[in-house]
Every structure is written in structure tokens, then in C-alpha cells.
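Basically my numbering = 1-based index in the sequence shown + 12.
Every clue listed holds true.
Ranges of calculated distance between the beta carbons of each label pair, as one might list FRET restraints:
hint, residue 1, residue 2, range
1, D44, Y153, 29 to 37 Å
2, L127, N88, 13 to 21 Å
3, Y153, E126, 32 to 40 Å
4, S158, R136, 38 to 46 Å
5, M157, R136, 38 to 46 Å
The hints are simulated quantities; they were obtained by calculation from the structure and are not laboratory data.
Using N, Cα and C, we set each Cβ at its ideal position, and we do this for glycine too.
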Amino acid sequence: MTEFRGAWDEAGVADFLRDATVPIRLTTHRPDGTMWTVTLWFAYEDGTFACATGANADVVRFLRADDAVAFDVSVNDPPYYGVRGTGTVTVEPDEEKTLLRSLITRYLGGTDSELARSLLDADREEVRVEIDPAEVYSWDYTERMS
Numbered sequence: 013m014t015e016f017r018g019a020w021d022e023a024g025v026a027d028f029l030r031d032a033t034v035p036i037r038l039t040t041h042r043p044d045g046t047m048w049t050v051t052l053w054f055a056y057e058d059g060t061f062a063c064a065t066g067a068n069a070d071v072v073r074f075l076r077a078d079d080a081v082a083f084d085v086s087v088n089d090p091p092y093y094g095v096r097g098t099g100t101v102t103v104e105p106d107e108e109k110t111l112l113r114s115l116i117t118r119y120l121g122g123t124d125s126e127l128a129r130s131l132l133d134a135d136r137e138e139v140r141v142e143i144d145p146a147e148v149y150s151w152d153y154t155e156r157m158s
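Whenever a hint applies, use it, and build me the whole structure from the sequences.
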């Protein structure tokens with residue numbers, strides 16, 4: 013069960029994450045124990061984050077070796093607000109690129125671009141990285157920065 017703390021309740025967190033089109037910053041451990049952070053597009057569905065990335069990405073290897081992660085989703089311009097937390101991941105094939113296609117639409121507005129065509133190339137293998145949050149902390153500095 014996810015623990016929610018901070019400025020927003022669970023519904024407030026869900027509202028922010030459903031509307032946010034900034035990437036999630038995902039941090040994991042490399043096999044040598046050092047940390048590794050990547051940014052990924054995400055969708056927030058039923059209390060979990062769903063991300064897509066190439067099956068051969070280094071982060072996929074790291075996540076398969078250690079499923080514990082930290083994450084941050086926050087805006088880049090003042091006033092600052094967002095969520096951060098910890099959780100665990102599962103990695104599964106996205107053979108039909110269903111998740112990737114929906115994320116491209118969410119972040120790029122459609123699949124009719126050079127980047128979209130490159131990501132959807134038939135030779136490119138995709139995986140679904142699903143993050144099950146254990147704890148979520150939200151912050152909102154809107155009032156103090158106004």
C-alpha cells in the first residue's frame with residue numbers, strides 16, 4: 013500500500029500526475045552500487061507509473077538486477093511543485109509498442125514526427141517499466157513563491 017505525505021492527498025497527487033507532461037526522473041542502482049538517473053516519459057494509471065524505453069537500454073539491465081527505485085516528477089519553472097518517492101519496478105516486453113504509442117501521443121501530440129517514427133521503428137524492441145510506489149511525498153511552493 014502506498015503511503016502519501018506532503019502537500020497533496022492521494023487524489024491531488026493523481027490529478028497532478030495525470031496532467032503532467034514533464035518526464036519522470038528515475039534513479040536506480042548500477043551493478044557496482046553507484047546510482048543512475050534517467051528521464052522517461054510516463055503515464056500514471058491506477059496508482060502506478062508506466063514508462064517505455066528501449067529493451068537494450070542500460071537502465072533496463074540495471075532495473076532487472078535491482079528493482080528498487082527512487083523517482084521525481086516536478087515542474088521545471090517557478091513556482092515549484094511535484095512529487096517524489098520510492099518504489100519497485102517490473103520490466104516487461106511492449107511487443108506491440110502500445111504503451112510507447114500512447115506516450116508519444118501524450119508528449120508529442122501524435123505519431124507524425126521524425127522522432128515518433130524512429131521510436132516506433134519495427135526493428136526497435138521496447139519494454140514497459142512499471143513503477144509501483146511505496147511512498148509518495150508531494151510539495152507545492154506556489155503560495156510561498158507568489
